[in-house]
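Undergrad: The primary structure of each chain is shown beneath.
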Amino acid sequence: MNYKVKKLLTNWRVLLLVFFLVASIVAIHPTLSKGVAIRSVITNSSASIAGIQQPKPNIQPVNRERILSINNVPINNVEDYYKYTSTLTPNRTIQIKTTKEIYKLTTIEKFETIQLNETEQKTITETIEKNVTINGTSQIINETMAKTVTVPKTIKVSKGTEDIGLRVYDAPKTNIRKGLDLQGGTRVLLQPEAKLSPYDIGVLIDNMKERLNVYGLSDIVIRDANDLVGNQYIVVEIAGATEEEIKDLLARQGKFEAKIGNSTVFRGGQDIVYVGRSANEAGIDPSAGCSQSGQQWLCRFRFSITLSQQAAQRQAEATKDLEIVPEPTTGRDNYLSQKLELYLDDKKVDELSIASDLKGQAVTQISISGTGFGANQQAAIYDALQNMKRLQTILITGSLPVKLGIVKTDAISPVLGEQFINNAILMSLLAIIAVAIVIGIRYWKLLIAIPILITMLSEVIILLGVAAFIGWNIDLAAIAGILVAIGTGVDDQIVITDETLKGETATVYNWKEKVKRAFLIIMLAYLTVVVAMIPLIFAGAGLLKGFAITTIIGVTIGVFVTRPAYSSFVEVMLK
Amino acid sequence: MEQNNQQQKQEIKKNIKQTLFEFYEKKYKLLLIIPIALLLLALVQIGFQIYKTGDFIKKDVSLKGGVTVTVPFEKEVDIKQIERQIASQFPRNDIAVRTLRSIGTVVGLIVEADIDGNNKADVNKLLNSIEDSLNIDLSKIDYGIEIIGSSLGASFFRESLIALAVAFLFMGLVVLIYFRTFIPSIAIILAAFSDMVVALAVINLMDVRIGTAGIAAFLMLIGYSVDTDILLTVRVLKRKEGTVMDRIISSIKTGMTETITAIVAVTVAMIVTQSEVIRQIMLILLIGLIADVFNTWIQNVGLLRIYVERKAKKGVVI
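Each protein sequence line maps, in turn, to chains A and B.
One point on numbering: in our numbering, the residue at position 339 of the first sequence is 339, and numbering is uninterrupted.
Counting from 1 along the second sequence, just add 575 to a position and that's the residue number in our numbering.
Source of the hints: derived by calculation from the structure; they are not laboratory data.
Even glycine gets a Cβ: it sits at the ideal position worked out from N, Cα and C.
Honestly, I wouldn't trust all of these hints.
[What the hints assert, rightly or not] Here are some, though not all, of the chain B residues that point toward chain A, as calculated from beta-carbon distances under 10 Å: (1) Thr-645; (2) Thr-680; (3) Asp-717; (4) Met-746; (5) Asn-779; (6) Leu-780; (7) Asp-782; (8) Ala-791; (9) Arg-814; (10) Thr-818; (11) Met-820; (12) Ala-840; (13) Ile-856; (14) Leu-858; (15) Leu-861.
With the sequences and hints as input, model every part of the structure.
TA: This is the structure:
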């Protein structure tokens, strides 16, 4: 027996499984962390002024900055946090202790301007241009004069304390990210500024989905809605996004235009064939980098795009009559007299000098650039990369057919309710035990039933570990995928057992040959399932994608990690 | 006498077993009627469903959309309790209640129901039941009613069906490349297809409304279906020991262990769970697994044996 255990513990297949299990537990990182985690920091709020940093979106949940206490009062959950912050009075200094450092915040008083039903006289100064004849010549001079106007009387009323500007949630206990249907998210009600036909609503929703997908927010539900008076709305539910991200992505129409002089050269969407997003095609501009101006840092980003032939032709047209002028500061490099100006929603975001050798050329490869600002270099880089991502998204997906206004945003509870997860865990455990009992009865051997039980549990742990590691959201579709992986895993275990131990393949005596035959069936079933899942990844809707990806990851782990370990176990213990 | 009786009983039992086995072995073509009839009946049911309702399934609120009522409500309440109370008034509809929070505190409740928003009577009934269960007077509150569309979008079903068709094609290709012959590939695709279609028809007959979870469950059937079919096909076509029938019987032993294990797990889950969503997934899997018994051990076996027989006529022994 001792010899067998030793042999088992030195078997590389078993060791591989142990390695994956340990790595998964490290990735899941179960902790008993206290406090509330910071989800987002609102710009220009007391918190952001005090230097609390916006958390990076790709940070692992348990590594997020957590608030431990405010003014030495321990904050253990969201209720504690909101209960304490609601008592704050204006213009007071408070001390927030987080896992990173201790911040000193000053609360800001909140004012509301109320228009009264009466009017008041106000004196204002006004500057007007006037034609004056001085010494016989007509000249335009500015004349300033005082003017009294009647305006509605307003008063400023103190409305208590401005929110300190942190959005928090109970500190995560593991790195497993829960999806929209398990954890809830943000519900945003948007209203199109113009009335749309049902067809246009469909186009709008598809476009928004694509935009959020490019941005990496796949866990979303977008639905159309009407109220009884006939107003149109778009309802978006989204997990893990902050209010500001939603505003930037959804409420922005994203009309992108590149102009030279008055002529539009290309627009976002159809004029652009390809947007570079890999590390050497996009990022902080290595030649411009970051610089400091006064209190602020500024970073430049750049990424390459490929224009369609028509757009390149338009660019050639627009540049062919331009003059070549020397660069004003150095006088060396020659540029064209007009710049390529980039407009987003009719606002100029950047302008690019055009090198003189591009005059009249139909170039399809163009580099787009822009800037980001921040209080320090890190913040500026982050801002620049965010701006870049947003611009890339808009260039890929084109503009929305209509401008959208945000009617309201709320946090919404999950569809599946709070008890769902505990219930699902209990159910899975009982189902796994039931499987072990059935196997135990069928083969009448504990040495088969127990390893199968262990294999099933290992697969759950490793799958969750992989999900935590790659930042994959566990939602209902993912749970379904996990169930498929474990279920087909049991099937494979049965095949291994029957092929090796039962007399089903009596003519083959070589153990290696038996295992090989079992794995032939397993691999073929594996390949068949994987190829069936691939088209589902590309079927658009998040539901199928989540299911297909989890299933593929799950069965792959099974075939390459847990199944070999099980067959080794059977070989060592029962041969 | 007593012993004799016992022996006789055993004899009869053995005889029945023998007869059944012979029937299964000899009349496999006749037996094919069962899965084919099952598939046809299922297709008829689905056709009838489309004719009657315009959809091939009964969609729940997440797929069909419906009415959402947003009520400002600032107390912490047990939303499951409220959900049950409202649902008791609408036994034929799907009701979901969720909370809205702003800066940590509850600011409102959202009630989603798959009722027709243009039907004044239904909407009023919903509003009344919300008033009753929350103990509030809606006429004094600034609540909102919206008629809401599907969470999966109009193109979802079209896209999924195309994706499924491609998935079946790919599965067939993998099997075709491995076995280099058509009939086994078609048999495996047909079995997975039949499992899904039969499960769908039974679910429709049971009047179950399908949500996003149900769709995931139908896709899960692909994985379970393929396992038994591949096992059977490999053993019959690639193994040399024993007769074809011996290999089929050995596959049944292994395959039925797989299926029974899955059925037990699914049944346990269905009994234990308190979540409607999980119960729905498990119900669909249970029906699909039962259908898979027929589709693998009668339909797929039948098709494979026809293939083997035709090969044998050409002088190829498998």
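Undergrad: Evaluate each hint against the coordinates.
TA: Cross-check of the supplied hints:
1. Thr-645: 9 Å, holds
2. Thr-680: Constraint on Thr-680 (chain B) satisfied, holds at 6 Å.
3. Asp-717: 12 Å, violated
4. Met-746: 5 Å, holds
5. Asn-779: 20 Å, violated
6. Leu-780: Result: violated, 23 Å to nearest chain A Cβ.
7. Asp-782: Because about 22 Å separates Asp-782 (chain B) from the closest Cβ in chain A, which is outside the 10 Å limit, the hint is violated.
8. Ala-791: Constraint on Ala-791 (chain B) satisfied, holds at 4 Å.
9. Arg-814: This hint holds: Arg-814 (chain B) lies near chain A, its Cβ roughly 7 Å from the closest one there, short of 10 Å.
10. Thr-818: Not OK, violated: Thr-818 (chain B) not within 10 Å of chain A, min 13 Å.
11. Met-820: 14 Å, violated
12. Ala-840: 4 Å, holds
13. Ile-856: 6 Å, holds
14. Leu-858: This interface hint is violated because 14 Å lies over the 10 Å limit.
15. Leu-861: 12 Å, violated
Going down the numbered hints, you'll see the structure goes against 3, 5, 6, 7, 10, 11, 14 and 15, while the others check out.
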